[in-house]
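Engineer: Listed below, chain by chain, are the residues.
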Amino acid sequence: MSEAKPVGGKVFTGPFLFFLVITLIGIYFLAKRFMFGLGAVTNMNDGFPWGIWITYDVVVGTAFACGGYSMALLVYIFNNGEYHPLVRPALLASMFGYTLAGVSVFVDIGRYWHIYNVFLPWFTNFNSVLLEVALCIAVYIVVLWIEFSPAFIEAKSGTRSKVNKLLIFFIALGILLPTMHQSSLGSLMILAGNKLSPLWWSPALPLIFLISAITMGYTVVIFESTVSALGFKRPFETEILAKLSLVIPILLVILLVVRFGDLLMRGQLGLAFSGDLQGNMFLLENVLHILPLLILASATNRKNAKMLFLSACCLMLGGLLYRFNTYLIGFDPGNGWHYFPAVGEQFITYAIIAAEILLYMIFVKKLPVLPSHGRAKA
Amino acid sequence: MKIKRRDFLKGAAGCGVLAAVGQPAFAEAKKKERLPGALGFLYDSTLCIGCQACMVGCKKANNMPVESSDLLPIWENPRDLSAKTLNIIKKYESGTGQNKDQETDGFAYVKRQCMHCADPGCVSACPVSAMRKNPDTGVVTYNKDACIGCRYCQVACPFNIPKFQWDSAFPQIVKCQMCSHLLAKGEIPGCCSSCPTGATVFGKTADLLAEAKRRRQMEPGKYYDFPVSSLDSGKTYSQMAGHYVPNIYGESEVGGTQVLMLAGVPFGKLGLPDLPEKSYASTAENINHTIYKGMIAPIVVLAGLYFFVNSSQKDKD
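Those sequence lines, one after another, are chains Y and C.
Numbering that gives the first Met the number 0 numbers the first residue of the first sequence as 0 and each following residue consecutively.
Numbering that gives the first Met the number 0 numbers the first residue of the second sequence as 0 and each following residue consecutively.
Everything labelled a hint here was simulated from the structure, so no lab data went into it.
Nothing here was measured: the structure is a model prediction, and the numbers come from that model.
Treat each hint with caution, since some may be false.
As the list claims (entries may be wrong) - Computed list of lysine to aspartate or glutamate pairs in DMTMM-like fashion (alpha-carbon distance at most 25 angstroms, straight line):
no.	chain 1	residue 1	chain 2	residue 2
1	Y	Lys164	Y	Glu2
2	C	Lys89	C	Glu75
3	C	Lys89	C	Asp273
4	C	Lys89	Y	Asp331
5	C	Lys90	Y	Asp331
6	C	Lys268	Y	Asp275
7	C	Lys58	C	Glu75
8	C	Lys89	C	Asp100
9	C	Lys268	C	Glu92
10	C	Lys234	C	Asp273
11	C	Lys83	Y	Glu153
12	C	Lys221	C	Glu102
13	C	Lys83	C	Glu186
14	C	Lys268	Y	Asp331
15	C	Lys234	C	Asp224
16	C	Lys277	Y	Asp261
17	C	Lys58	C	Asp224
18	C	Lys143	C	Asp166
19	C	Lys268	C	Glu75
20	Y	Lys31	C	Asp166
21	C	Lys277	Y	Asp331
22	C	Lys212	C	Asp224
23	C	Lys292	C	Asp273
What the hints assert, rightly or not - To list a few chain Y residues with every Cβ distance to chain C over 12 angstroms, as calculated:
no.	residue
24	Glu131
25	Cys135
26	Gly266
27	Leu270
28	Cys313
29	Tyr326
30	Asn334
Claimed, not checked - Computed list of chain Y residues with no C-beta within reach of chain C, every gap over 10 angstroms:
no.	residue
31	Gly13
32	Pro14
33	Phe15
34	Ile26
35	Ile114
36	Ile140
37	Phe151
38	Ser182
39	Leu262
40	Ala271
Glycine residues also receive a C-beta, built at the ideal position from the N, C-alpha and C atoms.
Put together the whole structure using the sequences plus the hints.
Structural biologist: Written out as structure tokens, the structure reads:
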């Protein structure tokens with residue numbers, strides 16, 4: 000098995016500066032938000048109290064950050080050690096994804112100076128799904144940093160650290176926690192009740208969100224591996240990804256059976272063909288799930304780096320759209336309210352994404368994250 | 000991909016445990032009934048003359064600022080509930096708009112404020128118990144010292160009642176708290192004490208429900224005595240009974256509300272949502288409690304995961 004090595008090279012490159020500028024613009028709008036309130040930079044309103052910060056940065060962001068979770072599931076539970084080289088980069092992306100989701104929550108909540116109240120037993124409400132999400136994500140962020148910590152130690156000592164009992168506990172915890180909160184991110188919208196279109200409102204929301212999150216995890220691993228190979232001019236890891244990608248069509252079949260079974264049982268599938276925005280978005284969301292299923296069902300396609308990347312992109316968009324549909328597009332509070340994110344609001348989200356990419360670039364260059372292939376150029 | 004039989008079995012077992020945990024159960028939750036001491040008010044749209052005295056009474060009682068949305072005629076100003084307006088009278092109009100409480104060619108008033116649900120979505124949603132249901136009166140109150148401003152209460156309210164101060168750097172959630180500060184002094188809510196016709200009367204929800212049922216039995220066009228301000232104020236006002244639509248809004252919606260409404264036109268026309276009898280809060284809590292009861296399932300799964308991770312590492316040694 001190949002060892003992880005720092006990629007090395009200059010930190011200040013063209014793309015690095017580009018993402019830095021976006022981050023700085025975001026910081027300007029952040030300052031505005033903290034000085035004048037949420038209304039000054041966002042289009043959120045009393046009908047749409049949650050906008051893209053919750054929908055994209057938290058709900059989609061943590062689903063994209065499920066790579067670490069999904070890979071841990073495969074490597075440690077299904078005991079497929081051959082995938083081990085993919086774990087650390089996945090873990091790194093998860094660590095940033097979740098950490099920045101945590102940052103986004105801090106920016107989004109109106110009374111951020113009270114954020115510690117979620118940890119105070121006399122305030123906590125154990126009936127609240129959001130409390131479960133908040134505590135779970137907070138703990139998981141810490142767990143991710145601990146799971147990733149061997150990379151820091153190896154960078155200093157230069158030797159591969161052994162997995163000890165304590166780390167095994169954290170790896171186990173790192174599988175349990177996303178199982179809990181990724182399903183709860185679905186449960187959250189059960190309370191939206193009549194305001195959420197029956198195409199998405201369902202008592203099965205937690206189950207669908209969980210299966211979708213695990214699927215997204217593997218998808219993101221393929222996506223990141225391909226982008227890293229292109230960006231850092233490293234060889235493609237097609238062979239190992241081809242094997243890994245077999246998991247995706249299996250998960251997609253389960254996901255679609257649950258999704259459509261649930262819609263048929265509730266007798267709401269007809270809404271999909273109503274021709275309105277919600278119906279069309281539902282169809283698009285499912286096309287983006289069925290297309291990669293068809294592509295990846297073929298073994299020839301799974302060995303093709305382009306096909307792999309194409310299906311990964313489709314599925315990431317599909318998972319993104321499913322979450323946007325559940326949190327924004329399928330949500331209608333009535334009374335004429337509507338929502339489209341303001342420029343400042345969008346820039347804060349872009350800045351979060353840019354910051355994530357910046358950190359990923361620094362970390363893979365300075366720390367042993369990506370597997371060394373000998374042929375890798377700096 | 001060749002999977003060894005042993006590995007497959009281990010994986011399958013791990014998956015089974017996870018699926019069992021992730022699987023929501025659909026067992027019926029114990030329904031949250033209205034508290035015996037539940038307080039509320041009865042709004043009778045047929046008695047409302049649209050004078051909006053209740054809006055003034057509410058502003059005075061709660062020290063709320065004057066609000067004008069835009070260049071609207073004064074009656075329609077403000078347009079809706081907001082972080083500055085906790086109570087509002089709105090108007091339904093159709094066709095010529097000449098006949099009171101008539102669906103076609105008529106008009107009708109509706110009062111909107113917090114319904115004080117028996118099983119409130121906002122209370123279930125709030126991670127830090129900032130939204131609380133008073134254990135005696137059932138009044139849903141807000142505590143700014145607990146609130147983190149996550150706005151999940153707004154997402155969770157089927158009536159869109161909690162409002163957020165979007166333009167403040169130090170915002171709060173704002174909603175009708177049934178003038179809890181006045182109730183504590185033995186007084187009644189501002190909207191009830193200021194209503195001149197008895198369209199809004201204060202009382203125990205159980206008594207209000209009985210009063211609503213009495214009104215439904217009345218013969219339209221005949222004169223009856225209607226209580227003013229509160230059911231036990233002793234003041235009554237003799238008025239002609241109107242034509243009521245058959246249902247009492249709030250009797251069973253989302254598990255019942257403490258505020259009840261009677262009207263002459265269908266409630267859907269007045270902008271009130273058509274809601275199921277089962278509260279969404281009970282559906283959500285049921286799923287959450289099934290999964291996390293006593294944290295037993297998560298702990299068992301964690302132990303299982305530890306075992307799997309540990310043995311997968313041993314294979315390598």
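Engineer: Against the earlier hints, flag every one the structure doesn't satisfy and list their numbers going up.
Structural biologist: Hint check: 10, 11, 17, 23, 24, 25, 29, 30, 35 and 38 fail, others pass.
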